[in-house]
Amino acid sequence: MREQLEQLRSGALQAIAAASSVEQLQEIRISMLGRKGELTALMKGLGALSAAERPLVGQMVNAVRDEIESSLGAAIKSAQEEVIAARLQSERIDTSLPGRRPVKGSKHPVSVVIEEICSIFAGLGFAVAEGPEIEHDWYNFEALNFPPEHPARDMQDTFFVENNLLLRTHTSPVQIRTMLKQKPPVRIIAPGTVYRCDSDATHSPMFHQIEGLMVDSAVTFGDLKGILTVFTNQLFGQKTGVRLRPSYFPFTEPSAEVDIACVICGGKGCRVCKNSGWLEILGAGMVDPEVYRHVQYDAENISGFAFGMGIERIAMLKYGISDMRLLFENDVRFLRQF
Amino acid sequence: MNVTYNWLKEFVDFHETPEELAALLTMLGLEVESMEKLGEGMDSIVVALVEEKRQHPNADKLSLCRVNNGTELLDIVCGAQNFKQGDIVALAQIGSVLPGDFKIKKSKIRGEESCGMLCSEKELGLAEESAGIIVLPPQCAPLGTPVFTALGLKDTLFEIGLTPNRSDCLSAIGIARDIAAKLDLKLKYPGSPVVEGAQKVESIIGVTVEDTDNCPRYAARYLSGCTIAPSPEWLVKRLNTIGVRSINNVVDITNLVMMELGQPLHAFDCDRLAGHRIIVRTAQEGEQFTTLDNQLRILTSTDLVICDAERPVALAGVMGGLNSEIENTTTSILLESAFFKPATIRKTSKKVGLHTESSHRFERGIDIDNVARALDRAAGLIVELAGGVLAHGCIDVYSDKKDRAAITFRPEKANKLIGIDLERDAIINILTRLECRVSPGSDGSVLVVPPHYRIDIEREIDLIEEIARLNGYDKIPATMPHARVVSDRATRHQEIEKQIRDLLVNNGMTEIINFSFTAPDAARKLLLTDDDPRHLAIKLVNPLVDEQSVMRTTLLPGLLETIARNINYRSLDLKLFEMRRVYLPGEAENMPQEPLCLVGAITGSRDGDEWSRPNELVDFYDAKGLIETVLDFLDIGGVSWKTEDPETYFHPGKSSRIYAGREYIGSVGELHPSVQKNFQIEKPVYCFELNIEKIVKLSRTKKTIIAPSRFPDSSRDIAMLVPEELAAVKIVECIRAEKSKEIENVQIFDVYRGNGVPDGHKSIAVRIKYRSFERTLAEDEIATLHNKIVENLINKLQVIVR
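Line by line, the protein sequences are chains A and B. With my numbering applied, the first sequence covers 3 to 340. With my numbering applied, the second sequence covers 6 to 807.
No lab work stands behind these hints, which were simulated from the structure alone. Careful: at least some of the hints might be erroneous.
[Claimed, not checked] According to the in silico footprint, chain B covers these stretches of chain A (three or more CB under 8 angstroms from chain B):
(1) 23 to 35
(2) 156 to 169
(3) 328 to 337
Idealized CB from N, CA, C, for every residue including glycine.
Next comes chain B alone, as it looks inside the complex (with noise of 0.2 angstroms):
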């Protein structure tokens, strides 16, 4: 809502500067959004008097004057033929600034000095074409005044974001009037004096309302004898300043009204209509009707029309018709003033996609008791403007007036609960300004009417908050609540959640958010099978573009686009990992589900490329170590890794599949060269997955700590060639197959293919460390056990012990 200062200064008589107005209408929930001064920086544009004017000597077109800004004499050169001696001008004088960046300096123009220009409404912004110079009435202002101060045009434009409950405050005199209920001001009214013909608006005019529950009160003026003009230029630069175009008189009147008042007007050329008659009902099912904005709108039995006595005229509340539009040669008008309910307004307006500020008011509830009073206030401008004879008496079809329902309001509760101290007669004073009807209540509690335009007060509660409002949210002291203790412990979910992330953060990570929804063939690209569950993705009805269309059921696509994406980027040493819920259809009539995720890809270089040591790019084993560290910080208890049934977007021979005792966690492994190429990578990344939802559940929360044993230990090494096809944990499981408390540590320490190794096998070394708890170990004793271990080795697994 677009307001100036001095419009609202004609409502009410306060004395805030606009900068304080401002922050005044900011703390009562009306925000000011923007301020514009307007005519700032132009005081150096000053009323002046021509003294003198004679012929320039030099230019035929061009007159020498000596103007008198108030303190001295200047030469002026002037082009204008319109002035003469003893006229009032607008001279900008040197250092000027006109709209469009025009500096006013002293120059020499035909050979004359000229100190400053006489402007045109044109140069001063004021009119977009000009005749002439601007000449002013006789003693319009001391000499000196600048012009713009002069003119009334020196004001501040404030324009005003109001909240959806706020429809009362659609309109200057709503805005005014908070003020006025918050200075404890008196508000005026705008009043036009209204004078009355003697011939009977019954006589001419007759209103039915058919549909009394959509519109509640219809109320009608006829005036005849107007003449269709430009609006006089007081209007059309009140109507400009708050972003509203001018048509003509009469329009502009309705539209002023509407902005003042608040209530949306129509005038109708009452000559176009037929039997002088106006009827309210709703629309035929397929009605057609054209619109003043000259489109074919067709009609549903939703929709409430105006009709004269044959067809539609006006889409009751949203936009007149060009069958009965005020053209330049009307003299007759029916002026309408109504209320219409809310919804239906709001469906009509939204299902032919016409907004305007009229429906906008409809549609949020304007002031039923407003609907004669700017009736009237609009018929007195057009008399006054379009001059004509305003037929005697107004139509007001409101049969059904309702008082409002009184709220019981207990003034300790509103104090109670806003935290505050008001006196009792102090929280009534308010109500009262706010013109609420309060009568007293039992118990102490007080009831109260409030006014028919504040639509959103109907609780007890409404009225507390008008009562923080007014009394000013500034004024309410700071406190800490007096509380009980909650157990405010995080869940282990949100535990282990954040003991994830910092631990991959700590291990050179980093993490990523990706957006929810993605691409309905994000999952394709992983060469998932038909039948992989990570096809079903929720559907979007509505997404923004088909990329973000389906709820992602896997993190990996995304990831690795962001892989992609920061390799074109040239960011080539990667490390990234995105935490995040997945999106999965529930079963049946179930809610979907929403399991936490975890997934992470590495690729390029290590440790950086860096002076110290060999650029080493990261493999498997790096992946696979990452898993592992998050896996036995959270202490998760029998995890295996298992080679077969690959996941489809790895490398078959370069990943595992991660259990949990029977339970599938997770996976890790190369990228698949395919998989690879979908998402445009051409380096090998190598990824890793978790559901968290699991580890949540699998992560011991008690861990057991052992006392290192006091005993001295002692190692032993076995290198050995096995088959290439034997996974190296097999050794290592039955080395451990072996049940020794005595075995401390079993660690694969070298890994070997060359030079006296066969074909087809590699050399493997393992280090084994033995000791006791109780005792230090003979060496016979770790011999024994030992030999045994080998024999298990070669007898088992047919090693060839080096």
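Bound-form chain A, shown alone (with noise of 0.2 angstroms):
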């Protein structure tokens, strides 16, 4: 008994050597210790020995069960890890070559910009209101008090249509269509499309504009250059310097150019600049009485700013566009850069 243990054992041994594969190896582990196998017969065989000499036998069988036990297990864990080290060597692809990617959509800028500057805005509790584009002289023109001789009022600056109404020639007319909808506090930024009869390398006969109107009971002039010193700053950088020096504009008084510092030479002075250093960006003001007496508002209790902006003429200068035109050619090559 012992002599054919001591053969089985290294029969089994030898065949877990010799073995190449996973499935050979299993081929033995049934062999030996499945249930018909030559180890399992032995231990059937226990039975017909003396009670003295059967622990001593059941032991030796078992020690030998195990010895099989172990070695089958660890040439199977390294069987299959030349299997794995054998497929991911064939497995090896070319990973130089491009990734398949999703095809990549853009936004237009002008869409790009409004929606920065409104989520600035929004950010500083503006909401954002909207107007008609074709509209009434009275919204455009006459309840921000643009005497009537003004020639914006003109044929060569605004187009016209049927039914004496016009194309807005700014987004100033929300302005006047939300005061008279709501009564101070007021808070709003007005994005939209707007009208000339401009047409070259700078001007467009359509373009956009962000109006913006705050009224409250006491605003002021300095809290103008506040909000708008925190708005240039998040849009072109922490640093950029602004500039606020005396201007016209019919619907506000005291009126404002507002300058930021040249984005392109820093305010060194440019052909963009045309070497001042500075760049016009926005007109803004305190709202003038006189608006306020058409929106039925009472200015001696009240007060607050307006302020505007061309939308194309700041993604020019974020993105350094030379010619307004490219905006509205929609050239694919342009826009999917954005």
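Two chains, two frames, a set of hints: combine them into the complex.
Given below as structure tokens:
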């Protein structure tokens, strides 16, 4: 019995060492340790032994089985590792080939800039307001204190449509519509499309503006300066210099042109800023009492400011575009860069 | 308005450099748009003395000079004849660059060395023609002084962009006045001594103003024995510098005084005025008159004319007449200085299409107080430069002299609105510097009478602006407002617009923006039926071009033009969308409607032609899938796709209208071949349209989210033969009609035609996924349900299950 056991052991270990695949090793397991396996058969033979011999031989059989099992386990594990290693080797690909990209879409630069500006002002508590593009003269000019003979009201500057309507020349009529609808406090930003009879490298007959309006009980010109400083710093960078200088608009007083330090040359003077070091980016001012009169606000007890800027101009400055017409040619080679 | 540094300095004694002055003006609201340094880079052309002059040994017409530039003696060869030893000349030293990029180099002329050049006025760009070199007066400046400095030509020209409210600054004195106010300096008015003769002006000329409303003030002076001649150099140069052409001494003086004091003047040849009379009246309807520019003008009763005893001699404030202009032979002059009503001049100037320096000023409003001062200044200058005798006195028809109304002004209101804290005295000081008359009012307010020339100051707010302006916008602290909280949530409309834009961009689409106006035939190219409301575009009254003359009623033509243009540029794989308003006429008296719409178009390769996958072209289902994604994202319920009554611009067999319930919300389809041709596109294009206004209304604000079932699913496939005409959606609907809660999903996973499928048929394979929320479904339960569904398909749709 012992010899038999020893034979079995050495035979099994040899077979394991000679096996070349996981499958062969599994076969060895079955032929040795399976229900009909040789070692199993030997175990069954234990019953024939004397009570004294049985535990001794039993222990020996168990020891042989453990040895075969651990040897098999190790052999299977290493065979499996070899299989994986071989597979990894065979599955190598050329990772330098370009990746499979989803087709990239892009927003129009005008949308990008409008969204960015609206989000800056949303952070300052401004709601977005809208108004019609085909407007009444009253909202576009009259209520904004444009005198009847103002050149902007000429056919040379304004597109008129049938029925005494016009294409709004600025987003400012949204101020009027908003104030007629609600009482102070008012804090709105109004992006939109506007139109003027003008067409060259720096003028487009259709362009976009964003209007801002804040009216409350004690808003000051200093507050306008504060809000616009925060805004320009967020849009053009924290250290961008801002300058307000006196100007004139019929619907604000005092009025200001707002310049930022030239983003191209940093204020040293270049072609873009015409050597002044400053770029004009928006017009602003305190809402004129005449405007309050038109919307039935009491100018004595409230105050506020308004500002407006051209989106295209800001997009051109931000992206270094020199010809405004590029924005409306819709060449995908241009648009896909945004 | 053009003005120079030196000129301004004649009126105010400031110490700022040209750069500092430019910054100061800009911060006063008088924006310096450009600054030109006159005589810059000409410093190496210096005042020099000709110490020795002798004949050039090898050339008859040249001379050899030894010239002293203050530091050394230089040999110069010169060709001019008009100078002698001891003369002071202009020497361009080696390295100088003369106008026309002419560089002065050391050279040998006929064997003799020349270390520079003696210059003529022409060579220095000071005159169009000159005979010989410049000979300067002796001791005009130390030797070596730059010639431009010695001639007083070193100056800086400012081009100032004026806002329309600042008509008071349409003159050098006006700009100087603002500088003086800002710097708290005294303003000096230019003066010419007025020396009058004995003869009284009233005895020679007469002025009658018939229309005092349009001409509240008319002043005139008379000069006799004048000599019309070219202006002296200083006057020519001053006018040239600011861009005014010199004509003759008298006309130049009227122009100079206009530029200096802002008062347009007109000089008539008095001998050509019938009766030596001036009558100011409105024109008769159809009255004819030839202006100085030799144009015959037909007048109307709204025009104001200056007449002599018989006929018009000037179009008031706009242009003089050919019949009374100053000629070389003129000796007696009637000089006019008047105030005309701005609106009248504006109307006439616009109507006759004549915009002159004079009308520009009158229509913006001039200083009525300045009329006599300007007249005297010009008269004095004429006597000085053209000789003659000025008649005694001045005719001044100024009947209704009005003082300006006082404005009640509260200094604390200025501080409060601007956000500064100036002392009351400081505020009043600013007003005084602006030549306002200030007197105490009630309740701490003051009464302010602004000067006549500041016609823009009428209200308290105008004075507040002046305080902010003079004190300096840069001195206002930037503060954050103390404000009440305002609801600032974007509207549903804006949110959905942004969501759709983001969704499409994230799905590979590029946003375009086309003009809102389009060609009148744009809608016609879409083959729309005659009764289609999209033909009813709103027309522009004054379009720039015909292609941009109507407001678009559909976004599709613009998108298709964009597709065509990009294909021309060889961008062949396109996924474009535009989300903008269209413009529809309002009903009856209503305002037009401007609904927000979305259009998209795709063409070319689906994923781009790349190495890893076959280059497949987009088709109808790509376009439909994009729209489905949008509708799904916005949770639009009850969507159905109908093939009936296709849009005219789509392939009738490859398009559908999209409904949400009964609402027509959009469409999708392949572009009709004829429309494709109309837009010159050669490849198939798949488009979709969506009415965003309707989508906003239909979009559910609250999504219902269902927790997933924890029980296993079981799928069954059915493959069936159906006639080609049967829409696949009918099969899905038929299965869904079984309204079983256990049907989790129905998916068409294969559509097949070909081997084994009879002609006129297609094979459709559907996978139904069964699952319960309550338990694991038993095999027989599923079988029962599935068999019923198969029976329904056979009975209702006559499918042949394979």
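Evaluated hints:
1. 23 to 35: It is violated, with 0 qualifying residues against the three required.
2. 156 to 169: Answer holds; 7 residues pass the 8 angstroms Cβ test.
3. 328 to 337: Since 8 is at least three, the answer is holds.
This entry does not satisfy hint 1, going by the numbered hints stated previously; all others are met.
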